[in-house]
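If you're matching them up, the sequences are chains A and B in order.
Note that this note's numbering numbers the first sequence so that position 458 is 458, with each residue one more than the last.
Note that this note's numbering numbers the second sequence so that position 572 is 1208, with each residue one more than the last.
Derived by calculation from the structure, the hints in this document are not laboratory data.
Positions of the beta carbon are idealized from the N, C-alpha and C atoms, including for glycine.
Treat each hint with caution, since some may be false.
Label pairs and their computed distance ranges (CB to CB) [claimed, not checked]: (1) L596(A) with K1194(B): 25 to 33 Å; (2) E564(A) with T679(B): 49 to 57 Å; (3) P1196(B) with S74(A): 45 to 53 Å; (4) T1262(B) with E425(A): 49 to 57 Å; (5) S74(A) with S1234(B): 48 to 56 Å; (6) M1251(B) with S357(A): 48 to 56 Å; (7) P1196(B) with S440(A): 24 to 32 Å; (8) F493(A) with P676(B): 19 to 27 Å; (9) S1142(B) with S74(A): 41 to 49 Å; (10) E564(A) with E813(B): 46 to 54 Å; (11) N466(A) with Q757(B): 20 to 28 Å; (12) I418(A) with W775(B): 43 to 51 Å.
Per the computed footprint, the stretches of chain B lying under chain A, defined by three or more beta-carbons under 8 Å from a beta-carbon of chain A, are [unchecked claim]: (13) 775–781; (14) 1205–1215.
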Amino acid sequence: MKIRILLLTVFVGITFSLKAQKNEYSILLISDSLKVNANAVVRLNQIDIVISSQRNMTISTKRVITVLNEKGLSAIDAVENYNKKTTVKDIEAYVYDGLGNEVRKIKRKDFKDQSAVGSSTLFSDSRYVYLDYTPTQYPFTVVYESKLETSNTAFIPQWYPVSNFFVSVEKSVLNVDCPVNLGFKKMEFNFENFNIQKINDTPTQLSYTASNILAQKQEDYSPVFSFVLPKVMMALELFHLEDVDGSAKTWKEFGQWYSDEILSGTTVLSEETKAKMRTLVGEEKDPIIKAKLIYNYVQQKSRYVSIQVGIGGWKPMYANDVDRLGYGDCKALTNYTKALLEAVGVPSYNTILYGDSYKKDIESEFVSMQGNHMILAIPNGNKYTWLECTSQDDPFGYQGTFTDDRNVLVIKPEGGEIVRTKLYEDRDNTQLSSGTYSLSKEGDLLGEITIISEGSQYNQKAMLENLQPTEKEAHYKKYWSNISNLKINKTAFSNDKENVRLTERTEISAVNYGNISGGKMMFALNAYNQYTGTVKRIRNRKNPFEIQRGFTDVDEITIVLPHEFAIEFLPNNYELKSKFGAYKTEFIKKDNGSILYKRSLFINKGMYSNTEYDEYRVFIEQVSRNDNAKTILTKI
Amino acid sequence: MKFNQLILFLFVSLFYLNANAQKFELGKVSLEELQEKAHPVDTSAAAAILYKKAKTYFIHEIGTGFFVYHDYELRIKIYKKEGLKWADFKVHYRGGDENLVPEAVSFSDCVTYNLENKTIQATKLRTEGNLKTDINKYWNEALITMPNVKVGSIIEIHYTLKSKNVVQFPVFDFQYEIPVNYAEYDTDIPEVFIYKPILTGYLKVNAGSKIVDEKESFSYKFYQTSDFPFKYQLSNYKAENIPALKEEAYVDNLQNYRSSIQHELERTRFPFEKVEDYSITWDGVAKNIFDFNSFGRELNKDGYYEEDLKRIGLNVNSEFERLDVIFKFVKNKMNWNEYKGILTDKGVKKAYKDETGNVAEINFILIAMLNKAGIKADPVLISTRENGVPVYPNRTVFNSVIAAVEIDGKQILLDATNKYASLNILPLPDLNWTGRLINKDGSSKEINLVPDKVSNVNINLLLSINGQGKMVGNARIQKTDYEALNFREQKSSLQSERYLEKLESSLGGILIDDYKLNDDINLSSSIIESFSFVSNKHSDVIGGKIYITPLLFYNDTKNPFVENKRQMPIYFGFPKQEKYNINIEIPPGYKVESLPESVKVSTVDGIASFSINIMSVGNKIQIAVTKEISKAIVSADYYDVLKDFFQQVLDKQNEKIILIKV
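The following block holds chain A by itself, in its conformation from the complex (with noise of 0.2 Å):
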C-alpha cells in the first residue's frame, strides 16, 4: 500500500510541475490591433529548414496560434502530409485555455491518420496525419509542433508569413540552413507594406522575422492572395528528387535535367503501334494536320485517371502501358500523345504548368520545381499549338480557360525554354445571340434563340451538349432565370471544334412573361440575355480587383407584339462608356408592328485599384438596371 501512495504522490507531483502556466500564451498580451478582423492570432510561426546533404532535409514547425472563434480553427492546420520519401519524425500539440493554463496534451498516436485518396485523386500512396481536436472554449491557444524529414529537397516549401485571410500575425519566423555547395537560392515578393525584417542572408544561411500583420480581409473579385501577400521561394541548384539527383542554374539546364533523368525512355512504343500510327496520318506531310489525327486517336481511347505512386507522381508513366491500359494522368496522356506524333515524326515537348482557371505563371525568374499539371506543346511556325491531352472533347489545340495566357515551361531534349500560352483575347470571347420571340394576349411567351459562342465563352457552352437532359434543363433555367414559368421545348446543338464555335438553338416558352394589371402589360423587352452577375458592395474595400477575362455579348431579338395591345411606352436607347467596357442599347419600330432589340456589351480584362470597385459596381449596376427597362402596352 505505502508504495502505491508513494508512487501516486510521485505522478501527481509531476502533472503538476508539467500542467504549469504558461503566462506567455495568455490572450491579455494580445494588441487590440491584432484582433481587429481576426478569427485567429498567429502568436508564433517558426519554421526551421535545415538541408543537411542534397538528399536530406529537415522542416521542423512550431506554430502558437490562439483561435479566437471557431471561423480561427482552420489557422490551426495541423496537418502534414508524408510518403515512402517523407517521414513525419514528430508531431504533437498542446491546448491551452485563454489565460494560458494547459488544458490538455496531444500526442503522436491521437493525430489521426488518412490516405490522401479523395475526389479527385483516384489512388495516391500519400497519407496525412492531422489533429482532430474539439475545442471547449473560445478563445484558447494551440501550440503544434512538428518535424519532417524528406530526401526530396527539390520542393522546399515556400514561405507565407500570412497564409489565411482574417487571421493576424504576432510573429512569424523563417530560417534556413544549408550547406554552402549546394546553391541555395531564394526570391522575395510582396514585402513591402508588410513589416518582415530580413535577420540574416548569407549563402549557407537565410533567416526572417515577420511581425504584427493585421488580419487581412477576403473579398470579391481579389487576385488569389499570393499576389498580394509576402512570400519567398526557395530552391536549390543541387537538389533530389524520388531517387534521383538534379542539378539545373537555369531553365535550360533544368529542362534538360528533367529530359534527361526524369523522361527519357519514357516514350517507348510497340512497333504494331507505331505501324498502326503512320497508317492512321497516311501520306499527310503537314505536321499539324499530322497531330490533328493523333489527337483525336488519343481522345478515343484513352481516359484521365488520378494514380500518383513514388515518382510516378513527377514522372509519366510508360507509353506503352498507357497504349496498353488506355489511361493516364496528365503527364502519362501528354507523354503518350508525344510518343505516338515521334512515331509519324512529328516534334512535341512536354510543357509543365498551373492548371487552373485562375491564371498562374510559372515563375519564371526562378529557377525551381513548380508547376502542377502537364500539357503538349507543337512546334507550329514560330509559335507553338498547345494540347489538353486529359481531355476527350477539347478542340485541337484549344486552351480554354484551364491553361490559356500564363508562362510555362518548355522541356526540350536541349533544354528548357519559358513560353506564354495562347491569350484570348476580350473581343474574340464573344456570344452572339439573334432570336425572336412572341407575346401573346395573355402575356405568354414563345420563342426561338439561336446563341453563338467563341473563344473562352465557348469552353463555358462546350460541355452543355453532353449534359443529361435534366441538367440542360438546370442550365437554361439558371441562364434565364429572369423568365419566370420558363419551359423549354427544344434544344439542337452544333459543336464545330474546327473553328472552335458551339451553336445552340433552343426553343421555349414561357405563361405569364407579360404583367398584365388593369389592362396593361408590362415586361422587360431585353428576356435572353439580362446580366445577372450582381457586384456586392464592399465597404473599406483594401485589395485591388480584377477581371481575369474580358468577353463581347451581343444580341439581336425581334419581338412581336399581341395585337390586342398598343406601346405605351419603350425604353429610351442608351449607351456608356468605361474604363470596364462599353454597353449599349437600341430600340426600333418596325413597319409591321414588332420591335427590334439590339444590345452590346464588352467588358474589358484588367488589374484595378482597391478604390475603382465601387466604379464598377456602379458601371454593372447600371447595365443590369437597363438590361431591366420594362416596355408597356395598352389594351387596345
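With chain A held as given, fit chain B onto it using these hints.
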C-alpha cells in the same frame, strides 16, 4: 401520406423463381451489346448496367464459425464519355479494428470488351489496376481501374466480399444513377440464421424462396465436431428495366428512394444453444441496445456531475425552469466532437471532464442530470436525415440518440450537441421520421420527430418612395424556432461583413446600414434583425407613373416546382409561416392609380396558403401578406396542387401597385 408504398417488408412466397436464371453469364458478351450506340429506353444514359447478379452464401469454417460471402457480377456498357467513370470501381469494406475479423475483397475475371474490326477483343484486368488503400482506422477501400475502356466498351466486374459480419449484409442496390436492365439477388441462408429482408424504393421486385436440405459439419462448444442435417432457405429477388435514380427538388434524402434490399439478422437458433433474438420487435431492439454497457450502464452512471448540479439548479423550484437551466448548462459546457452514434465512446465521465463527447455521451449526461434533478428524462434513439428512414425494427437503423422529458403531460425533446438548439427545437438533421424512446425497464415507444409547430418569420418594412422611385426605409425581421435555428447556423459560418454583403445581394441589391441583431440563445429562441435601407431598384418609373411590386425585394421570382412529374415526397423541413407588414409612403404630388386586388389562395387539405391585403389611406399604402406551409413533408400526390398553388402565388405577387402624378 403514402409512405407505405415506399418501404415494404418482403413476405417472400415459397415459390422459387427459376426462369431466366441462366440468362446472363460472365464472358458471354454479345456483338449486339457491343454495337449498341445508346440505351434503348433512356437515350440520355451515359452508361448502363446490362446486368447485375449477386449471391450471398455461408461457409462454415471449423474453429472460427460462419463466414458470409457476397459474390457480385456486373456487366456495364459505356455509351458516352461521361460514362467512362464507371471504369473505375470502388468497394469499401471493414478493416480489422477491435474484435472484428477484417473483411476481405477479391476481384477476379474482370474484363474489358471492345469491338475491333467487327471482332470482339477482350482485355483482362491485371494486378496493376487493382489497388487497395487503408482509408482510416475503420475502413479500407479496394479499387479497380479497368484497362482499355472507351466509348462503346463493355466492362465485366466480378468480386467477392468475405465477412464475419452476419448481423447485416451489404445493401443490395437494384437502382443506380444509370439504368439497370436486369438485376438479380440470391441468398442461401442456413436455417440457424433468420433474416428480415426489407425492400425500399418504388420498384416492382419479384421475390420467391424455397427450402432445401444439406449437411453441414459443425464444431461447437468443447470443440466437438459432428455432421448435422441442415436446411437452407434459398431466396431470389429480381427486377428488370430499372430506370436511373434522378434528383428532384425538395427531397429529404435521395437515398431513401433508391430501390434496394437490406437484410438484418433477426434471430439465430444454433443446435444445443438457446434461440437468440436480435431484433424482431421495437421492444426487442430497445432491450438489446439497452443491455449494451456503453448504453444502459453509461446512462445510469453518476458521481461526476453532482456538484455542478447542486450549484446550478437544484434550488430552482419550477420543473420547467430547472429543465431550462440544466439543458443550457449541458449545452454550454459540452462540445460535440461531430461523431454520431447510439453508444458512448470514451464514456460519460471522461467526456464530462474533457467537456467534449459524441452525441450519446452529451445527451446521456443531460439525461442523468435531469433525472437526478427530479425531472423524468429518457433516451430516444433516432436516425438522422442523411442516415435514412428507420423502416423496420433492427439495431443498426439508428445512428443518434437524443433526450425526451415529460412535464405536465407534455413531451419536450432535447439535443444538447447543437449550441443553437433549444427546448423542442432540435438540429434539423434530427427531424427525420420517428424515434424510439427507451424506458428504464427496456420497454419502448414511438416518438414522432417531424415537427408540427409552425416556425415564423415576421417582416415589417416602413418606407417612403420619391418621384425617382428611390426607396428609403427601415426593416425589422423576427425569426422564431426553426427559422431562428437556421439563421444562427448560417450566420455562424460567415464573417459579419460578409453576412451583410450576402444579405444585400439576396435582397435584390439594396444598400443596408445600421444593421442590428438581437440574438442571445440564452434569453430567447428567436432572433430579431433591424436595419435601414436604400434601394433604387425596386420600382419602375415609366412615363410619369411609378410601378411597385408589393413585396418589393421579398418578391418571389420562381416557382420551385417546374418538373411535370413527381415521384418522391416533397420535403419542406418544418411548418412555416411568413408574415409581411409593409407600409409605403408615396411621394408628394402622386396618388394611387391602382392597387392589386386583395385575395387569399389556399390548397386542398390546408397544406399551403397565401393571402395579400392592400389598401391605401391618405398618402400611405398598407400591405399585409401571409404565406404558410403547414406540413414538414407531403406526399407526391400533392405535387400538381402545390405546383399550381405556387404559380398562382407568383402571378399574384407580380401584380403592380401603380402611382400616378396628380
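Outcome of the hint check:
Roughly 29 Å separates the CB atoms of L596(A) and K1194(B), a value that falls within the hinted 25 to 33 Å. The given range of 49 to 57 Å is broken by E564(A) and T679(B), whose C-beta atoms sit roughly 42 Å from each other. Between P1196(B) and S74(A) the beta carbon distance is about 34 Å. The supplied range of 45 to 53 Å is therefore violated. Checked against the hint of 49 to 57 Å, the C-beta distance between T1262(B) and E425(A) comes to roughly 54 Å, which is consistent with it.
Hint check: S74(A) to S1234(B), Cβ distance near 52 Å, so the stated range 48 to 56 Å holds. As the Cβ distance of M1251(B) to S357(A) is approximately 53 Å, the hint placing it in 48 to 56 Å holds. A hinted range of 24 to 32 Å holds for the C-beta pair P1196(B) and S440(A), which are about 25 Å apart. Distance hint for F493(A) and P676(B): a CB-CB separation of about 23 Å, consistent with the stated range 19 to 27 Å.
Between S1142(B) and S74(A) the beta carbon distance is about 25 Å. The supplied range of 41 to 49 Å is therefore violated. For E564(A) and E813(B), the hinted distance range of 46 to 54 Å is satisfied, since their beta carbons lie about 48 Å from each other. In this structure, N466(A) and Q757(B) meet the distance hint of 20 to 28 Å, their C-beta atoms being roughly 26 Å apart. Restraint check, I418(A) to W775(B): a C-beta distance of roughly 45 Å satisfies the suggested window 43 to 51 Å.
Check on the segment 775–781 of chain B: 3 of its residues sit with their Cβ under 8 Å from a Cβ of chain A, so the three-residue criterion for coverage holds. Counting residues of the segment 1205–1215 of chain B whose CB lies closer than 8 Å to any CB of chain A gives 0, so the stated coverage by that chain is violated, three being the minimum.
When held up to the earlier numbered hints, the structure conflicts with 2, 3, 9, 14 and fits the remainder.
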